[in-house]
Amino acid sequence: MNTPDRILHNLSAMLPACACRPCLTSLVLLLAPCTAAWAHDYSFDELLSMPLICLLQLQFAPSHAQGADALHVGGEDRHAVNETMQADQRMPRKTPGSSGGNLMAAFPPESMADRPNCLRFRSRGWI
Amino acid sequence: MNLRVIALLASLPGLLGPVHTVQADNLSEYRLKSALLFNFVRFTEWPAGQGKTFNLCVYGPDPFGADLDKLHGRSVTGHSLEVHRTNTVDSLGSCQIVFITRPMIDNLPRVLDTLVGKPVLTVADSPGAARQGVAINMVTEENRITFEANLAAARDNGLALNSNMLRLAREVYR
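In the order they appear, the protein sequences are chains A and B. With our numbering as the guide, the letters of the first sequence map in order to residues 956 to 1082. With our numbering as the guide, the letters of the second sequence map in order to residues 994 to 1167.
It is possible that some hints are incorrect.
To be verified - Among the chain A residues that face chain B by a calculated CB cut under 7 angstroms, a handful are:
| no. | residue |
| --- | --- |
| 1 | F999 |
| 2 | L1002 |
| 3 | L1003 |
| 4 | L1007 |
| 5 | C1009 |
| 6 | L1010 |
| 7 | L1011 |
| 8 | L1013 |
| 9 | Q1014 |
To be verified - Here are the computed distance ranges between Cβ atoms for each label pair:
| no. | chain 1 | residue 1 | chain 2 | residue 2 | range |
| --- | --- | --- | --- | --- | --- |
| 10 | B | A1145 | A | S998 | 33 to 43 angstroms |
| 11 | A | D1000 | B | T1070 | 15 to 25 angstroms |
| 12 | A | S998 | B | R1124 | 27 to 37 angstroms |
Everything labelled a hint here was simulated from the structure, so no lab data went into it. From the three backbone atoms N, C-alpha and C, an ideal C-beta is built for every residue, glycine too.
Just need the whole structure built from these sequences, with the hints factored in.
Put into structure tokens, the structure is as follows:
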């Protein structure tokens, strides 16, 4: 196995099964951080063609209007929304020309324990 | 310095730096839920004898917006989807898929009474809805959407939920 293949193989083994291959390719072949291969810029058609397991891994950015007003949340839910918003504000924002994140940031190894679906999915095949 | 080396060096701080979580800036909650809804239909089996068209009905104020309209006319399991919005329970009997919006969840018992025994997939995104008898309930966890399923509720309506899909559910009520 040559070096890029070995890196790809190791990364694949480390990441959840639904880590997107374009992102891996981008990382290994272009030697650049992942850009739009994550959830940021999928079209609706792409979302529809995505395996269910991957949809379940995507994150959405809570719209402030949606979060507190449109969804009529209250009590504990409102507290959760507020926490989410605060966390959101702490996160680096994607701006035109920026990478919007990178491979390790998107799926940090320590968070994989929180993704049992992905790990279980490895032995089952895609749906 | 070679451009590739510069690119590599530029990528290193991101690779080795502090861990962040990347968010889908452009992905609204309900856009993702629209795609999930489409998948739930894909992985549900209706009894034979259904028409060529599946009516996907949103009961209550539509939180999906234009993305749901993009499902209109799409073919899924041999049926063409038609999207409808309604505020009346009585019209839900002609739907194959009913999404019960949060503002209408207090009316859930009446909705379920109306649909009981009919081949209708009920979907919601309200806390506890699956336990109350909705077949599939979307749950938000750390800005991700997961789901719980009520197998008995689906079965009572003559529907079969795909077992592979059920393995991805956070909770299955039987």
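Hints versus structure:
1. Taking 7 angstroms as the C-beta cut-off, the interface hint given for F999(A) holds, the closest approach to chain B being about 5 angstroms.
2. Against a cut-off of 7 angstroms between C-beta atoms, the interface hint on L1002(A) holds, since the closest Cβ of chain B lies about 4 angstroms away.
3. Annotation: interface hint on L1003(A) holds; nearest CB of chain B at approximately 5 angstroms, less than 7 angstroms.
4. For L1007(A), the interface hint holds, since its Cβ comes within 7 angstroms of a Cβ in chain B; the closest pair sits about 5 angstroms apart.
5. A hinted interface residue such as C1009(A) counts as satisfied when its beta carbon comes closer than 7 angstroms to some beta carbon of chain B; here the least separation is about 10 angstroms, so the hint is violated.
6. Restraint check, L1010(A) versus chain B: the minimum CB separation of about 6 angstroms is within 7 angstroms; hint holds.
7. At its closest, the beta carbon of L1011(A) sits 6 angstroms from a beta carbon of chain B; the interface hint therefore holds under the 7 angstroms criterion.
8. The interface hint given for L1013(A) holds, since its Cβ lies 6 angstroms from the closest Cβ of chain B, which is under the 7 angstroms cut-off.
9. Interface hint at Q1014(A): satisfied, since its Cβ lies 5 angstroms from the closest Cβ of chain B, which is below the 7 angstroms cut-off.
10. Here the CB-CB span from A1145(B) to S998(A) is close to 37 angstroms, well matched to the stated 33 to 43 angstroms.
11. For the pair D1000(A) and T1070(B), the beta carbons lie near 18 angstroms from each other, so the given range of 15 to 25 angstroms is met.
12. Hint check: S998(A) to R1124(B), Cβ distance near 35 angstroms, so the stated range 27 to 37 angstroms holds.
Against the hints set out earlier in the document, a violation occurs for number 5 only.
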